[in-house]
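**Student:** The listed protein sequences correspond, in order, to chains A and B. Note that the numbering used here has the first sequence beginning at 19, numbered continuously upward. Note that the numbering used here has the second sequence beginning at 286, numbered continuously upward.
Read the hints as simulated data drawn from the structure, not as lab findings. Note that CB positions come from ideal geometry on N, CA and C, so glycine has one too. It cannot be assumed that every hint is accurate.
[Stated by the list, open to error] Straight-line Cα separation of at most 20 Å, DMTMM-like style, residue types lysine to aspartate or glutamate; simulated pairs:
(1) Lys-124(A) to Glu-394(B)
(2) Lys-87(A) to Asp-101(A)
(3) Lys-342(B) to Glu-288(B)
(4) Lys-127(A) to Glu-394(B)
(5) Lys-88(A) to Glu-71(A)
(6) Lys-327(B) to Glu-71(A)
(7) Lys-88(A) to Glu-33(A)
(8) Lys-327(B) to Asp-356(B)
(9) Lys-342(B) to Glu-329(B)
(10) Lys-127(A) to Asp-356(B)
(11) Lys-363(B) to Glu-303(B)
(12) Lys-327(B) to Asp-25(A)
(13) Lys-127(A) to Asp-101(A)
(14) Lys-327(B) to Glu-303(B)
(15) Lys-368(B) to Glu-303(B)
(16) Lys-44(A) to Glu-394(B)
(17) Lys-124(A) to Glu-303(B)
[As the list claims (entries may be wrong)] A few chain B positions that, by computed beta-carbon distances, are all more than 12 Å from chain A:
(18) Glu-288
(19) Gln-302
(20) Leu-369
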Amino acid sequence: SQQGEEDPQALSIQEGENATMNCSYKTSINNLQWYRQNSGRGLVHLILIRSNEREKHSGRLRVTLDTSKKSSSLLITASRAADTASYFCATDAPPGAGSYQLTFGKGTKLSVIP
Amino acid sequence: EPEVTQTPSHQVTQMGQEVILRCVPISNHLYFYWYRQILGQKVEFLVSFYNNEISEKSEIFDDQFSVERPDGSNFTLKIRSTKLEDSAMYFCASSGTGGFFGNTIYFGEGSWLTVV
């Protein structure tokens, strides 16, 4: 099965530093999405990158996708204490697979220290 | 910004009882989903629903589970006879399209179910 697996599992940085989280998956995908989850709360959609895209930006977020390595990275620049959360990548199946479910990784727990 | 809303936010129920979790998806969306997250574990897919029928379900979604769209706005998940292992956060989600055309899926805040 295709799975997003993030690393590191936990990351602690100082406010103002950049945070990089990585995600690897096993099989072909259509899209890869990144979500944020504050403790005990819902999943907030951050960014979607399609399999034919290599890089995408949204504010302080930068996502890259390398389909040859089956990996993606999420970079948060100039981190803030409010960025403290768990970050998940989620993949879906390629076109024609007949499946639209997302497969989530275990997430990276980011702590930004003020 | 439109959002997916879920009720209740937290429910405690006795083992064997029936539970209904309710969701109002984003109004112009066509695809609806339920996912769950057991404490400390991954978010897992349960079921997707399109055009008033289940389009896909996982192994978790056994005969104890059912979904319904009783009217034009609500989407419900029913667990017929709850077990201890059903304790989890249940997320409703919706998307405007499925699959290829940039399937951004928006999630609600979740319903935290505790079975005792």
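**Student:** May I ask which of the numbered hints given earlier this structure violates, with the numbers listed in increasing order?
**Tutor:** 2, 3, 6, 7, 8, 10, 14, 16, 17 and 18
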